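Visitor: Here's the letter readout for the chains.
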Amino acid sequence: SAVISQKPSRDICQRGTSLTIQCQVDSQVTMMFWYRQQPGQSLTLIATANQGSEATYESGFVIDKFPISRPNLTFSTLTVSNMSPEDSSIYLCSVLPGQSLYQETQYFGPGTRLLVL
Amino acid sequence: SQQGEEDPQALSIQEGENATMNCSYKTSINNLQWYRQNSGRGLVHLILIRSNEREKHSGRLRVTLDTSKKSSSLLITASRAADTASYFCATGTYSSASKIIFGSGTRLSIRP
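These protein sequences, in sequence, are chains A and B.
FYI, in our numbering the residues of the first sequence are 27 to 143.
FYI, in our numbering the residues of the second sequence are 1289 to 1400.
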């Protein structure tokens, strides 16, 4: 398994500003992902954070709005840019701890609860 | 887009009763995982079942998988107040094994 921490745990932000969320893992992991969970909804994958290269974004998500960094195998950041109230969500980091991409359990961080006013 | 649909969307039962949640999905899968989320917090991994498995147990949890029907069920026996949470299934496919797609979730409430 992997122990994952996220900072901040929650924040209240003004529209038009940006927030960077950090995800730290206690061990090197193969894959890291960022999810969004809008109020009362399920989780939607934003992007796969690739170490040393640009993140791979899912349909409906773009780098200008959600820039992602992954400088090493234990750390990633997600920035929510030019925020609007529609960005109010829980943002979760997840990891695949093993070397195999198949039949692996994904572990999730505690999430960052964001409210945009 | 969501791969799985869960039913019921909400379930309220008496403490001590069994709770059953179902998950249906659309495409062939490599594995299926169940997660629990307490009140908008992070997800806790419960069980992973592979496509060649039909049933798995973990404590009071029992998961079944029927690939012919593209469905899975999560049974929680002898429910407790602490089981109150949202439960999500998530599927991993062969075409993109590292990504999982979440179902819509079931909100479970245990009445004391």
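Do not rely on the hints blindly, as some may be mistaken.
[To be verified] Calculated lysine-lysine pairs in the DSS-like style (CA-CA distance at most 25 Å, straight line):
1) A:91 to B:1387
2) B:1344 to B:1358
3) B:1357 to B:1344
4) B:1314 to B:1358
5) B:1314 to A:33
6) A:91 to A:33
Keep in mind that the hints were calculated from the coordinates and are not lab data.
It should be emphasised that the depicted structure is a prediction, and the values quoted were computed from it without experimental measurement.
Visitor: Could you run down the list of hints and mark each one as holding or not?
Guide: Okay, the hints, checked on the actual structure:
{"no.": "1", "hint": "A:91 to B:1387", "in the structure": "21 Å, holds"}
{"no.": "2", "hint": "B:1344 to B:1358", "in the structure": "16 Å, holds"}
{"no.": "3", "hint": "B:1357 to B:1344", "in the structure": "17 Å, holds"}
{"no.": "4", "hint": "B:1314 to B:1358", "in the structure": "7 Å, holds"}
{"no.": "5", "hint": "B:1314 to A:33", "in the structure": "35 Å, violated"}
{"no.": "6", "hint": "A:91 to A:33", "in the structure": "19 Å, holds"}
In summary, the structure is inconsistent with hint 5 from the numbered list given earlier, while agreeing with all the others.
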